[in-house]
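Start from the sequences and build out the full structure, keeping to the hints where you can.
6 protein chains.
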Amino acid sequence: MLPERRDREAILRVHFKNKPVDDTVSIEALAAKTAGSSGADLANIANEAAIVAAGRNAKKISNADITEAFEKIAIGPERKAKIMNDHEKEMTAYHEAGHAIVGHVLPESDPVHKVTIIPRGGTGGVTWFLPPEDKSYTSIIEFKDILARALGGRVTEKIVYGPDRVTTGAGSDLRKATEIAREMVIEQGMGSNLRDQVFHEDNGGMMFDRITHERPYSEKTAEEIDSEVAELIKEAARRAEEVVSKNRDSLDKLAKALLEQETLDEKQVADLLKDTVLPEEAKIY
Amino acid sequence: MLPERRDREAILRVHFKNKPVDDTVSIEALAAKTAGSSGADLANIANEAAIVAAGRNAKKISNADITEAFEKIAIGPERKAKIMNDHEKEMTAYHEAGHAIVGHVLPESDPVHKVTIIPRGGTGGVTWFLPPEDKSYTSIIEFKDILARALGGRVTEKIVYGPDRVTTGAGSDLRKATEIAREMVIEQGMGSNLRDQVFHEDNGGMMFDRITHERPYSEKTAEEIDSEVAELIKEAARRAEEVVSKNRDSLDKLAKALLEQETLDEKQVADLLKDTVLPEEAKIY
Amino acid sequence: MLPERRDREAILRVHFKNKPVDDTVSIEALAAKTAGSSGADLANIANEAAIVAAGRNAKKISNADITEAFEKIAIGPERKAKIMNDHEKEMTAYHEAGHAIVGHVLPESDPVHKVTIIPRGGTGGVTWFLPPEDKSYTSIIEFKDILARALGGRVTEKIVYGPDRVTTGAGSDLRKATEIAREMVIEQGMGSNLRDQVFHEDNGGMMFDRITHERPYSEKTAEEIDSEVAELIKEAARRAEEVVSKNRDSLDKLAKALLEQETLDEKQVADLLKDTVLPEEAKIY
Amino acid sequence: MLPERRDREAILRVHFKNKPVDDTVSIEALAAKTAGSSGADLANIANEAAIVAAGRNAKKISNADITEAFEKIAIGPERKAKIMNDHEKEMTAYHEAGHAIVGHVLPESDPVHKVTIIPRGGTGGVTWFLPPEDKSYTSIIEFKDILARALGGRVTEKIVYGPDRVTTGAGSDLRKATEIAREMVIEQGMGSNLRDQVFHEDNGGMMFDRITHERPYSEKTAEEIDSEVAELIKEAARRAEEVVSKNRDSLDKLAKALLEQETLDEKQVADLLKDTVLPEEAKIY
Amino acid sequence: MLPERRDREAILRVHFKNKPVDDTVSIEALAAKTAGSSGADLANIANEAAIVAAGRNAKKISNADITEAFEKIAIGPERKAKIMNDHEKEMTAYHEAGHAIVGHVLPESDPVHKVTIIPRGGTGGVTWFLPPEDKSYTSIIEFKDILARALGGRVTEKIVYGPDRVTTGAGSDLRKATEIAREMVIEQGMGSNLRDQVFHEDNGGMMFDRITHERPYSEKTAEEIDSEVAELIKEAARRAEEVVSKNRDSLDKLAKALLEQETLDEKQVADLLKDTVLPEEAKIY
Amino acid sequence: MLPERRDREAILRVHFKNKPVDDTVSIEALAAKTAGSSGADLANIANEAAIVAAGRNAKKISNADITEAFEKIAIGPERKAKIMNDHEKEMTAYHEAGHAIVGHVLPESDPVHKVTIIPRGGTGGVTWFLPPEDKSYTSIIEFKDILARALGGRVTEKIVYGPDRVTTGAGSDLRKATEIAREMVIEQGMGSNLRDQVFHEDNGGMMFDRITHERPYSEKTAEEIDSEVAELIKEAARRAEEVVSKNRDSLDKLAKALLEQETLDEKQVADLLKDTVLPEEAKIY
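Chains as they are written, first to last, in this note's numbering: chain A, 292 to 576; chain B, 292 to 576; chain C, 292 to 576; chain D, 292 to 576; chain E, 292 to 576; chain F, 292 to 576.
For the record, the hints were derived by calculation from the structure and aren't laboratory data. Everything hinted at is true.
Because identical chains share one entry, a pair is satisfied inside a single copy or across any pair of copies.
30 Å max Cα-Cα, derived DSSO-like pairs, lysine-lysine:
| id | residue 1 | residue 2 |
| --- | --- | --- |
| 1 | K426 | K405 |
| 2 | K373 | K467 |
| 3 | K371 | K351 |
| 4 | K371 | K310 |
| 5 | K426 | K363 |
| 6 | K373 | K310 |
| 7 | K363 | K380 |
| 8 | K308 | K371 |
| 9 | K426 | K547 |
Now the structure itself:
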C-alpha cells in the first residue's frame with residue numbers, strides 16, 4: 292500500500308532531516324503533490340534534490356531543485372541527446388496537445404500539471420496530470436475520462452494527419468487504456484452488462500497452485516468481456532475525437548506553443564486552453 | 292480446522308493465565324464471540340489486550356481493552372492518518388450503511404456488530420457482522436442473504452449517486468461475492484440447475500500431478516456455471532436494491548449518524564434501523 | 292496395493308505379538324472386518340488398542356478396546372468439544388439417517404455398520420458401511436447404489452427442510468459422488484453411451500512428459516462425458532429421493548433414535564429400519 | 292530397441308554361463324519364446340530360474356524352472372493369498388475364457404499360450420498370448436483382432452451377467468484397447484478417414500521446448516480422431532460379442548475347466564475350443 | 292548451419308591428413324556427395340573408413356572403405372542379426388521398391404542412390420536418395436514430389452496386399468511426410484489458401500518467455516492449417532498411387548530383384564526401372 | 292533502448308580514440324548511418340575496421356575499411372565458399388531485385404542502400420535499406436510499404452517462375468512480414484477494425500505470474516486478429532505484385548546487372564530503376 296499524505300509528510304521529514312532547505316521549500320506542500328509515490332520514491336526525491344542543488348553550487352536546497360528532482364523520479368530524466376526531425380517534433384507536439392486538451396475539457400479528469408515535448412525516459416513527450424488531492428476511490432465516469440484523455444494523442448494524430456498516418460507513438464497510451472478498460476470490466480464489475488461481478492481468480496498463496504487453474508470462465512464470458520472492453524475503448528476514442536475536433540483552434544495554439552517553448556506549465560496550459568468547450572456529443576452524464 | 296467454542300475457551304484461558312484481568316472480563320463470553328478466530332488469533336488478542344491496558348497505565352486488563360484488541364486483530368488497526376475528502380467520507384458512510392441495512396433486514400444474515408467509517412487495515416470503512424453462535428453448516432438461503440449484504444455497499448452507491456458514479460470502493464465486496472457464488476455452484480452443488488454435483492477437481496497429493504489436468508469439464512458446462520453464478524449475483528443485487536430503496540429514510544439516518552459519530556455499535560445500529568421493513572420483492576422463501 | 296484378508300491377518304499377528312489380548316479378541320475376525328485398511332492402519336489399530344486398554348487400567352486388550360481403536364483410526368477421533376445447536380443436531384440426525392436408509396434399502400449396498408451424530412474427524416456425523424468380505428471388482432449396479440446412498444444425506448435435507456435449506460454439510464458427499472461418477476465414465480467405460488473405452492491418459496514415466504499433453508479428447512467428447520456424469524448423479528438423486536420419501540416413517544424413527552442415543556449399531560439400525568420398502572421407482576435392474 | 296531373437300540368444304547364453312542346466316533346457320527355444328523381453332528381463336529370468344531350482348534342492352536348472360521364472364518375470368508372481376468369493380471366481384473364469392475364445396477364433400491373433408484364474412501381479416486372472424515368432428510390423432487387421440480379444444473379457448461379462456453387471460475387472464483391458472486404437476489413428480495413419488497422416492508432435496530434444504506447443508491440430512481434427520477411435524472400439528466390441536455369443540457352449544466349457552483346474556495350457560485350451568467357429572458377422576476381411 | 296561443399300572438402304582434407312588413402316579415393320568427389328553431413332559426420336566418416344580398412348588388413352583406405360563408412364554414419368550400421376520371415380521380407384521389398392519407383396518417376400525428386408532390404412539402424416529397409424549437388428532452396432513442386440515418394444512405401448503395401456493389410460512399417464514415413472506438409476503450410480507460406488504468411492511463433496530468447504504464449508492463432512486458422520496439410524498428404528498419396536499402379540511390372544521386377552540381391556545400387560535401379568512412365572494423372576505442373 | 296545519433300557519435304569516438312583513421316573517415320557521418328546499431332555493434336565495427344585495415348597492411352583505417360566492417364557486423368560476413376547453381380543464382384538475383392524494386396517504388400520505404408547476391412551470414416542474398424535519419428515512430432503507411440517490400444522477393448519468384456516454383460528462400464521474409472503485421476494489430480492498435488486497443492498482456496514483473504494467464508482474449512477476438520493480419524499480408528502481396536509486374540523491364544535489367552556484377556550500390560540501383568513507375572493499383576493513400 293502506498294503511503295498517504297500524512298505518511299508521506301512524515302517520510303519526507305525523515306529524509307530531509309540533515310539536508311538544509313531554503314525558505315522556498317514546504318515539506319507539507321511537497322507531501323500533498325506526491326500522491327502515488329512510494330516511500331522509496333520519496334527518499335530518491337530528497338537525495339536527487341540534494342544532487343541538483345550541489346550541481347548549482349547552492350548551500351541549500353530550493354523548491355526548484357525539489358521540483359526538478361521530483362519530475363526526474365516520476366517520469367525519467369530529460370533525454371536532450373534525442374534528435375527528432377521537424378515532422379516528428381510537430382507530431383509529438385500535436386500528440387501531447389491532444390492528451391492535454393481532452394484532459395482539460397473533460398470534467399472528471401485531473402488538471403494538466405505540465406506538458407513537454409522534450410523526450411523524458413522512454414517517451415517522446417509527456418503530458419502530466421496531477422490530482423489536487425489524494426483519492427481513495429475511482430468512479431466509472433472518472434475512469435471514462437481517463438480513458439478518453441489516454442486516447443487523446445492517437446486521436447489527434449488521426450485528425451491532423453489522417454487515419455493511416457497515425458504512428459507507434461501511441462503504443463504505450465493504448466496499452467494503458469486497454470489495461471484500465473480491462474480492470475473496469477474484470478476487477479471492478481463496471482461493464483455495462485457485466486455488472487457487480489469480478490472475473491479474476493486470485494488463489495493467492497502458493498505459486499504452483501495457480502498453474503492448475505485456467506481462465507476461470509467460459510469462452511462465452513470471454514467474448515462478453517472482450518466486447519465490453521472494446522466498447523469502452525470505442526466510446527473513449529469517440530469522445531476524445533469530439534473534444535479535439537470541436538476545439539481545433541485551441542489545439543493548434545497549444546501545439547504551436549509547445550513547438551516554440553517545448554515545455555508548458557499548468558498556468559500556461561490553462562491560459563492557452565481558456566476558450567475550449569465541452570461538446571454536447573462528448574458528454575455521457 | 293479452526294477451534295470451536297470450547298476449544299477457544301481453553302486456549303484463551305491458557306493465554307490469559309498470567310495476565311491479570313478485572314471483573315468486567317468474561318473468558319467464556321470472549322470465547323463465544325470469537326468464532327472464526329484461529330489459535331494464533333486468540334494468542335494475539337491476549338497479548339494485544341495487555342498492551343492496550345499497559346497503554347492506559349492500568350494494572351488489570353478490562354473488557355474494553357480486550358474488545359479493542361479483538362477488533363485490531365480481526366480487521367486491522369485504525370488508520371487515522373488516512374485523509375478522505377468530504378465526498379469520499381459521505382460515500383463511505385452510505386456504502387457501509389448499505390451493507391448494514393441489507394444485513395439487518397434480511398432474516399438469515401448475522402446481526403450487525405459494528406459499523407465504522409474510520410479506515411482500518413486496507414479498507415475505507417467496515418461493517419462487521421458477528422454470528423450469535425458457532426455454525427457448522429451454511430444453507431442456500433443463508434448464502435443468498437450473505438451475497439445480498441455483500442453487494443449492499445455498491446448498490447447503495449448506485450441509488451444515492453447514480454449508476455455511473457459507483458466506485459472501486461466495492462472491489463473487494465464484489466470479489467468476495469463472486470467467490471461465494473462460485474463456491475455455491477462449483478463446490479456445494481447449489482446451482483439452480485447444476486444441483487448435487489461438484490465441478491472442482493481435487494487430485495490432492497502431488498503438486499505436479501495437478502498440472503497435467505485442465506479444467507475438468509467441458510466448455511458447455513463452463514457456460515452453465517458462469518450463467519448460474521451471474522444469476523446468483525444478479526438476484527443478490529436486485530434484492531439488495533429492493534431493501535435499500537424501500538428503506539431510504541433509515542439509510543439516510545444511518546449514514547448521517549456515521550458521518551457524525553464515525554463508529555456505531557450493535558445497539559446504536561439496531562436503534563437507528565428499528566423502522567426498516569423487509570420488502571415483499573426481496574423475499575425469496 | 293492394499294493388503295488382502297490373509298495379508299491383514301499376518302500383519303495383525305505381527306503387531307499384536309507382544310500385546311496381551313483377552314479371549315474376547317479374534318485376530319481372524321479383525322482381519323475380516325478391516326478390508327480397505329493399509330499396513331500402517333493395522334499397526335496403528337494395534338497401538339491405539341493398547342492405549343485404550345491402558346486408559347482403563349486393563350492388563351489385557353479386549354475386543355471393545357480394539358473396536359474403539361479401529362473406529363478412531365478409520366474415521367477419526369470423536370470431537371465431543373464440538374457444540375451444535377438443536378437445529379444443527381436435528382439436521383445432522385436426518386442427514387445421517389438419509390444415508391443409512393438409502394444404503395439399507397438398496398440391494399447392492401454394503402450393510403450399515405454404525406450411524407452416529409457425534410462429530411468425528413472433520414465431519415458432523417458418520418454413517419459407516421462395512422462390506423461383509425473383501426471385494427475384487429465393483430459392478431455398474433453396485434456403483435449406482437453407492438452413488439444413491441452418498442446423495443442420501445442431501446436428498447433427506449431437501450425433503451425435510453425444503454430445497455433452499457440444504458446446506459454445506461453435504462459438500463464432501465457430493466465430491467465423493469462426482470468422483471465415482473467420473474471414474475465410471477472416464478476410467479471404467481461404464482457410461483451409457485461411452486461404453487468400453489477410457490478417456491484418461493496415463494503416460495506414466497517422466498513427470499514433465501505429462502505436461503506436454505492436454506486433455507486427450509475433443510471438446511465434443513468432454514461434453515458427452517459431462518452429460519453422462521450429470522445423468523448418473525441425477526439418477527442417483529432421484530432414486531435416493533424415492534427411497535427416502537417412500538420410507539418417511541422409518542426415517543423419522545431413525546432420526547429420532549439418533550437424537551436420543553447419538554450412536555446406533557448395525558443391529559439397532561436394522562431393527563429400526565425393518566419396515567422399509569424398496570419403491571418400484573428406485574429399481575433399475 | 293528390444294533385442295531380437297539372435298540377440299536374445301546371445302544374451303541368455305551370457306547369463307546362463309555359470310548356471311548348470313539339465314538336458315531339458317534349450318537356450319535357443321527360450322530365445323524364440325521370449326520375444327518382447329528386454330536384456331534386463333532375460334537376466335532376471337536366468338537368476339530367478341536358479342532360485343526356483345535351488346528352492347527344490349536341484350543341482351541343475353530344468354526347463355520347468357525356467358518356465359516358472361519366465362512367467363514370474365513376465366506377468367508377476369502368483370498371489371495365492373488373494374481370496375475371491377465364488378461369484379468373483381466364476382466371473383474371472385468367464386472373463387478370461389472370453390479373452391481366450393476371441394483370441395483363439397480370430398485368425399490374425401497370436402495363439403493362446405496359457406489361461407489362469409490364479410491372481411498374478413495386480414490382476415485377477417491372466418490370458419497369455421505368445422507370438423510364434425518375432426514380428427517387425429503390425430497390420431491394421433492384426434490390430435483389429437488384438438482390439439477385439441482385449442475387449443473379449445468385458446463383452447463376456449455382459450453376455451453372461453447382463454450389461455449392468457459388468458465390473459471394474461475390465462479396467463486395464465479398456466485402457467489397453469484405447470491406447471491401441473489411439474496409436475492406430477494418431478501414430479500410424481490407420482484411421483478410416485484419417486489415413487496416411489500422423490497427429491502426433493515429436494519435437495524431440497529439449498524438455499521445455501515441448502511445453503510451448505499445444506495439441507498440434509484443431510478441435511475439428513480432435514473430434515475426427517475421437518470419432519475414429521470410438522468407431523474402432525465399437526467395431527471390436529461388436530466382433531468380440533459375435534464370437535462369444537456364437538460359441539457359448541465352448542465358452543461355458545472353458546470357464547468350467549478354469550474353475551476346476553485354475554490354469555490351462557496351450558494344448559488344453561486348443562482342445563476345449565476345438566469346436567469354435569468364426570461367425571460370418573465377425574469377419575471384416 | 293551445415294557446411295557447404297567447399298567447406299566439406301576443407302574439413303575432409305583435415306581429417307584424412309594422416310590417414311593414407313589409395314588412388315581410388317577422391318576427397319573432392321566425397322565432398323560433393325556428402326551434402327547434408329555435419330562437420331562431426333565428416334570426421335566420423337574418416338575415422339570409420341580407417342577402421343574398415345584396418346578390418347581388412349589394408350595399409351591404405353580405399354574408396355569402397357569410405358563408401359561403407361559413409362553409409363554406416365548416414366543411415367546406421369547393418370543389422371544382420373534381425374530375422375524377418377518371408378512375408379515380412381517380401382513386404383519390405385515391395386515397400387522399398389515403392390519409394391524407389393515414385394522417386395524415380397517424379398521429375399523433381401533426387402535420383403535413387405541405393406535401395407536395400409538389409410535392416411539398418413532402426414529401419415527394416417532403406418531407399419536412399421542423393422541430390423546431385425548442394426541445394427539452397429526447395430520449391431513447392433520439389434516438396435510435393437518428396438511427399439509423394441515418402442508415401443510410396445505405404446501406398447505400395449496397399450496396392451499389393453490390400454488397404455487393411457498395410458502395416459506400422461510406414462510409421463516413420465508418415466511422420467516425415469506430415470512434418471514436411473506442416474512445414475510447407477506453417478513455416479513457408481506454401482498452403483494453397485494460406486499463402487505468404489507464417490503461423491509459427493518464434494519468440495527466441497528466454498525459455499520461460501515461451502511458456503506464456505499459446506498457439507498464436509485462432510481455432511479457425513488451426514482448422515485451415517489442418518485442412519491444407521491433409522490436402523497435401525492426400526494429393527501425395529494419390530500421385531504415388533498413380534505412379535505405382537501404372538508401373539506394376541517395374542514394381543514387381545524391382546521387388547523381386549531386391550528379394551534376390553538384397554541391395555541394389557543407383558545403376559541397377561535405373562536399369563530395372565528403365566520402362567517406367569510418368570502417368571498423366573500424377574502430373575501437377 | 293538503442294543509442295540515438297548523438298549517443299552513437301559519442302560511443303564511436305570512444306572506440307576510435309586509439310585507432311588512427313585517415314582523412315576519408317567522418318565519425319559524424321558514421322554515427323548518422325548506423326541507426327539501429329547497439330553500443331556493442333559500434334564497438335565491433337571499430338575493432339573490425341582495424342582488422343580490415345591491418346589485413347591490407349594499412350597504417351590508418353580508411354572509410355572503405357569502416358564500410359566493410361559495418362556491413363560485416365550488420366548482415367554477416369560474405370560466404371564466398373557457398374556454391375549456387377545457375378538457376379539458384381538467377382532466382383536469387385530476381386528475388387533480391389524484387390525486394391529492391393518494391394522498396395524503391397513505394398514512397399514511404401527507406402531508400403535501397405545496397406543489393407547483393409553474394410551470400411552473407413545465413414542468407415542467399417541481401418537487399419539493404421537504410422533510413423536517411425533516425426526515426427522515432429513508424430506510421431501505418433510506412434509499415435504497409437515495409438510489408439510490401441518484404442514480400443517483394445516471394446512475389447517476384449512467383450511472377451518469373453510460376454506460383455508452384457516459389458521456394459523456401461522467402462521463409463525469413465514471410466516470418467518478418469507476419470511479425471510486423473501481428474505487431475500492428477496486437478501491439479499498435481492499427482488493425483482496420485481492431486483500432487486503438489492492444490491485445491497483448493504484459494504482466495511484467497514475476498516470471499511465474501505470467502504462467503497463470505492464458506491468451507487474454509476470446510477465440511472470437513483471436514479470429515478477428517487472424518483475419519486482420521491475413522488481410523494486411525494479402526494487401527501487401529497484391530501491392531508488391533502490382534509494382535513488380537508493372538515494372539518488368541526494370542526488374543529484368545536489375546536482375547541481369549546483379550548476375551553480372553553481384554553487388555550494386557545505392558547509386559547503381561537508382562540508375563537502373565530510374566524508369567520505374569508507381570502503378571495506380573499499388574497506391575493506398
